[in-house]
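S.K.: Below are the chains, spelled out letter by letter.
There are 2 protein chains.
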Amino acid sequence: MTSENLKIISLDVKDVRFPTSLGAHGSDAMHKDPDYSCAYVVLKTAKGTEGHGLTFTCGRGTEIVVAAIKSLSELVVGQTAIDIFKDFGVFWRSLTSETQLRWLGPEKGVMHLATAAIINALWDLWGKLLNKPLWRLLADLDPEHIVSCIDFRYISDVITKEEAIEILKQGQKGKEERIEKLMKEGYPAYTTQVGWMGYSQEVIIELCQKYLDMGFTAFKVKVGQNLKDDIKRLKTVRNVIGWDNKLMVDANQVWDVKQAIEWMKQLAEFKLLWIEEPTSPDDILGHAKIAKELKPLGIGVATGEMCCNRVMFKQFLQADAMQYCQIDSARIGGVNEILSVYLMAHKLGVKVCPHAGGVGLCEMVQHLQMWDYVALSGTMEDRVIEYVDQQHEHFVNPVVVENACYKVPKRAGYSTTFTPETIPKYEYPNGTEWQLMFSQGLFPDPCKHQS
Amino acid sequence: MTSENLKIISLDVKDVRFPTSLGAHGSDAMHKDPDYSCAYVVLKTAKGTEGHGLTFTCGRGTEIVVAAIKSLSELVVGQTAIDIFKDFGVFWRSLTSETQLRWLGPEKGVMHLATAAIINALWDLWGKLLNKPLWRLLADLDPEHIVSCIDFRYISDVITKEEAIEILKQGQKGKEERIEKLMKEGYPAYTTQVGWMGYSQEVIIELCQKYLDMGFTAFKVKVGQNLKDDIKRLKTVRNVIGWDNKLMVDANQVWDVKQAIEWMKQLAEFKLLWIEEPTSPDDILGHAKIAKELKPLGIGVATGEMCCNRVMFKQFLQADAMQYCQIDSARIGGVNEILSVYLMAHKLGVKVCPHAGGVGLCEMVQHLQMWDYVALSGTMEDRVIEYVDQQHEHFVNPVVVENACYKVPKRAGYSTTFTPETIPKYEYPNGTEWQLMFSQGLFPDPCKHQS
Numbered sequence: 001m002t003s004e005n006l007k008i009i010s011l012d013v014k015d016v017r018f019p020t021s022l023g024a025h026g027s028d029a030m031h032k033d034p035d036y037s038c039a040y041v042v043l044k045t046a047k048g049t050e051g052h053g054l055t056f057t058c059g060r061g062t063e064i065v066v067a068a069i070k071s072l073s074e075l076v077v078g079q080t081a082i083d084i085f086k087d088f089g090v091f092w093r094s095l096t097s098e099t100q101l102r103w104l105g106p107e108k109g110v111m112h113l114a115t116a117a118i119i120n121a122l123w124d125l126w127g128k129l130l131n132k133p134l135w136r137l138l139a140d141l142d143p144e145h146i147v148s149c150i151d152f153r154y155i156s157d158v159i160t161k162e163e164a165i166e167i168l169k170q171g172q173k174g175k176e177e178r179i180e181k182l183m184k185e186g187y188p189a190y191t192t193q194v195g196w197m198g199y200s201q202e203v204i205i206e207l208c209q210k211y212l213d214m215g216f217t218a219f220k221v222k223v224g225q226n227l228k229d230d231i232k233r234l235k236t237v238r239n240v241i242g243w244d245n246k247l248m249v250d251a252n253q254v255w256d257v258k259q260a261i262e263w264m265k266q267l268a269e270f271k272l273l274w275i276e277e278p279t280s281p282d283d284i285l286g287h288a289k290i291a292k293e294l295k296p297l298g299i300g301v302a303t304g305e306m307c308c309n310r311v312m313f314k315q316f317l318q319a320d321a322m323q324y325c326q327i328d329s330a331r332i333g334g335v336n337e338i339l340s341v342y343l344m345a346h347k348l349g350v351k352v353c354p355h356a357g358g359v360g361l362c363e364m365v366q367h368l369q370m371w372d373y374v375a376l377s378g379t380m381e382d383r384v385i386e387y388v389d390q391q392h393e394h395f396v397n398p399v400v401v402e403n404a405c406y407k408v409p410k411r412a413g414y415s416t417t418f419t420p421e422t423i424p425k426y427e428y429p430n431g432t433e434w435q436l437m438f439s440q441g442l443f444p445d446p447c448k449h450q451s
Numbered sequence: 001m002t003s004e005n006l007k008i009i010s011l012d013v014k015d016v017r018f019p020t021s022l023g024a025h026g027s028d029a030m031h032k033d034p035d036y037s038c039a040y041v042v043l044k045t046a047k048g049t050e051g052h053g054l055t056f057t058c059g060r061g062t063e064i065v066v067a068a069i070k071s072l073s074e075l076v077v078g079q080t081a082i083d084i085f086k087d088f089g090v091f092w093r094s095l096t097s098e099t100q101l102r103w104l105g106p107e108k109g110v111m112h113l114a115t116a117a118i119i120n121a122l123w124d125l126w127g128k129l130l131n132k133p134l135w136r137l138l139a140d141l142d143p144e145h146i147v148s149c150i151d152f153r154y155i156s157d158v159i160t161k162e163e164a165i166e167i168l169k170q171g172q173k174g175k176e177e178r179i180e181k182l183m184k185e186g187y188p189a190y191t192t193q194v195g196w197m198g199y200s201q202e203v204i205i206e207l208c209q210k211y212l213d214m215g216f217t218a219f220k221v222k223v224g225q226n227l228k229d230d231i232k233r234l235k236t237v238r239n240v241i242g243w244d245n246k247l248m249v250d251a252n253q254v255w256d257v258k259q260a261i262e263w264m265k266q267l268a269e270f271k272l273l274w275i276e277e278p279t280s281p282d283d284i285l286g287h288a289k290i291a292k293e294l295k296p297l298g299i300g301v302a303t304g305e306m307c308c309n310r311v312m313f314k315q316f317l318q319a320d321a322m323q324y325c326q327i328d329s330a331r332i333g334g335v336n337e338i339l340s341v342y343l344m345a346h347k348l349g350v351k352v353c354p355h356a357g358g359v360g361l362c363e364m365v366q367h368l369q370m371w372d373y374v375a376l377s378g379t380m381e382d383r384v385i386e387y388v389d390q391q392h393e394h395f396v397n398p399v400v401v402e403n404a405c406y407k408v409p410k411r412a413g414y415s416t417t418f419t420p421e422t423i424p425k426y427e428y429p430n431g432t433e434w435q436l437m438f439s440q441g442l443f444p445d446p447c448k449h450q451s
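Listed in order, the protein sequences are those of chains H and C.
For the first sequence, position 196 (counting from the first letter as 1) is numbered 196 according to UniProt numbering, and the numbering increases by one without interruption.
For the second sequence, position 435 (counting from the first letter as 1) is numbered 435 according to UniProt numbering, and the numbering increases by one without interruption.
Just chain H, same shape as in the assembly:
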């Protein structure tokens, strides 16, 4: 591979949306009608290899992330992939600290979602160039190279470059045995599918039984809109899944701090492993207070899907504000920043249980968590990957979950390449499926709306 061949000659971005609001799939206390969507990036090198990356969105607003990716693309197109990968941490900072753009974040919100999509596409490209799935690419990189991908700015008070290298060196021991075990058994999953807020009692019972039959032993249910309903829903779920299986609840940020504590005390009888997102995703001290109050009840605090960057994760970890670290693959700035969070969580003894479920999130986090098992923490104990059975059919290499375990992905890249049909059908607003739905009156046509 010459470096000229590996020049990135184009960055294309698409607004792709799926009409999930029609079935209340993915509904919770704060997001009542999501249309699971993404901003989808295609990088192309001179020799023709492509990298595909995405960031998850909830429908409206995807066009803003697309605009941000277009603005960032000037920093990517014309660069040579091989030079980026040699000093990836420096390149990462060139995106997140661009002198004029950083005012719009820094490192949060729309700009960081855009950064994630681009960075994820670069990692997919790297995997494809080396013909390795991402987890394997990561596991094969030597500790110094992994660490060179990370921007340690603002986190050196918790972990330094040198400590990270030392930790990763420790993680090398027994790597091959773990890869073998992983290939055989896969990685444990839990399901969020049984308890979306919009589901009826009957649907919940049916789904609990379905996932039990599939071998699941950990289940998550949405709470926070109405206490009586929550109690009813949890009773129903416990009735079907019994008391030995794990049960978690998710409030999607609906409460204030005191309210979270009081509400959760009312639900403690259901033997809950964690309460997820009890309050604002920015409230580190609030989560710490909630965690302290709920600890005697055996309930941990889980959060992370809306934690906006490594500086916020650092503080959640420092303050004992999260017992389960729910890394998201597309909110913080892509794989590079995620690696730093895994390292900090490992150092401070907090378990990572990734957030997934949105478009492509399961596809991505399986790689990260498998790398963690193989080359960092060395254990799957008390760790699970969220699993939601939605939108996988749109990926060329969708996740495979069998016996409630993610099977190891074998194809090169980050598993985020859409099938050839997906974009023509679901690009918003011009895809054929959207045009059909507009004509059926299922959604307003934004083009007609504007005129």
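These are computed hints drawn from the structure, not numbers from a lab.
Some hints could be false.
No distinction is drawn between identical chains; accordingly, a pair holds when it is met within one copy or between any pair of copies.
[As the list claims (entries may be wrong)] In silico SDA-like cross-links for lysine to any residue, where the CA-CA straight-line distance does not exceed 20 angstroms:
(1) 258 - 152
(2) 232 - 205
(3) 14 - 63
(4) 32 - 71
(5) 32 - 93
(6) 14 - 70
(7) 14 - 71
(8) 228 - 259
Add chain C to chain H, keeping to what the hints say.
M.R.: Here is chain C on its own, set in the frame of chain H:
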């Protein structure tokens, strides 16, 4: 005024940029070449009254904020102003918690900058409809009405609606006397103009003398790129301004936590009132640590211009992580959210010294701080408003600073209406000044660049 007359019939948004990078004005350790800019919103009611609001940006990326404002505009156009102002907190939440858009924040980054521009335009409109400058509009609203503008979600563990009303009722006492004093004396300002990073020694000396002669007694200097240069710059400044005047320094987030502490110990000899933005604006625990270490040296910690919302401010205040609260008028979600920060700061005994300097920021914060003096804290002691003498000529009612004090604004609204010439000249990229600069080769023409 009938409610039909007050229907908002249009929201127009412009990308307006000033070529400040040509003179290194506004340069600091992280923003080496800002082109001070803004996304500028014009709301129009059926009866013709307009509200003008803006959010400050640094040049590139303003187009992303413009895209976000366009996406949010559907939630505004068609609403009736009078209904919004009746229950402004509810309307505010309808923007920040829109069920699909909130994933892109929530309440941070591009989406919150966009929210700020719209909300600020609404307050300007309100002032113009009542023919009152914003500070006076705020001071005249009764406590219950002020509090109804605020979304207390996520802050009730520090301040409740009821407490806020009680505090504001206390603030009514002596209001008229304070208005009289304010009218006579104005509000104290400090200058950031003497020490931008890009300025030469000679320029610094000249500027210090100039601002001294103008009556300034508080000066701020940028630090953090090179310790020796900082020491040299501070020596120069102290030589001119003497030791009785106040001197503050600003690192614009350049350090890690330990580095901030060590660096500042080296500068302590210059008798510094505060170190501003020593590290990541998201690092509450880091700022708390720095504040604790620098307290024995008499140096306070100041931050806020990039603090992204009331939940973050809440924690900075809870953790003793800021001794000076530098509210920004255009980063958090406009006046409504700013009111909540003033109330929390007041309750927890922290002084607010607003951030200003960017396009329109001085114009806006003067109103907020004057309201604080008149109707909340009741004191100007140890409080100052930042003053930078840039871009004021573009406003119809620019700030007036005399004897180092902001004079009380008397015209209706929030002082953020551009002169009729500004947009035709500085709209990016089609304004006449930009076209001229492109033709002179001073900036690349983005239209040519893309083709």
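S.K.: All the hints need checking, so say for each whether the structure fits it.
M.R.: Results for each hint:
1. 258 - 152: between (35 angstroms within a copy, 13 angstroms between copies)
2. 232 - 205: Within one copy only: 12 angstroms inside, 72 angstroms across.
3. 14 - 63: Both ways: residue 14 and residue 63 sit 9 angstroms apart in one copy and 18 angstroms across, limit 20 angstroms.
4. 32 - 71: between (31 angstroms within a copy, 19 angstroms between copies)
5. 32 - 93: Only across copies: residue 32 and residue 93 sit 15 angstroms apart there, 35 angstroms inside one copy, limit 20 angstroms.
6. 14 - 70: both (10 angstroms within a copy, 19 angstroms between copies)
7. 14 - 71: both (14 angstroms within a copy, 17 angstroms between copies)
8. 228 - 259: This pair counts as within: shortest intra-copy Cα distance 15 angstroms, inter-copy 51 angstroms.
Checked against the numbered hints given earlier, this structure breaks none of them.
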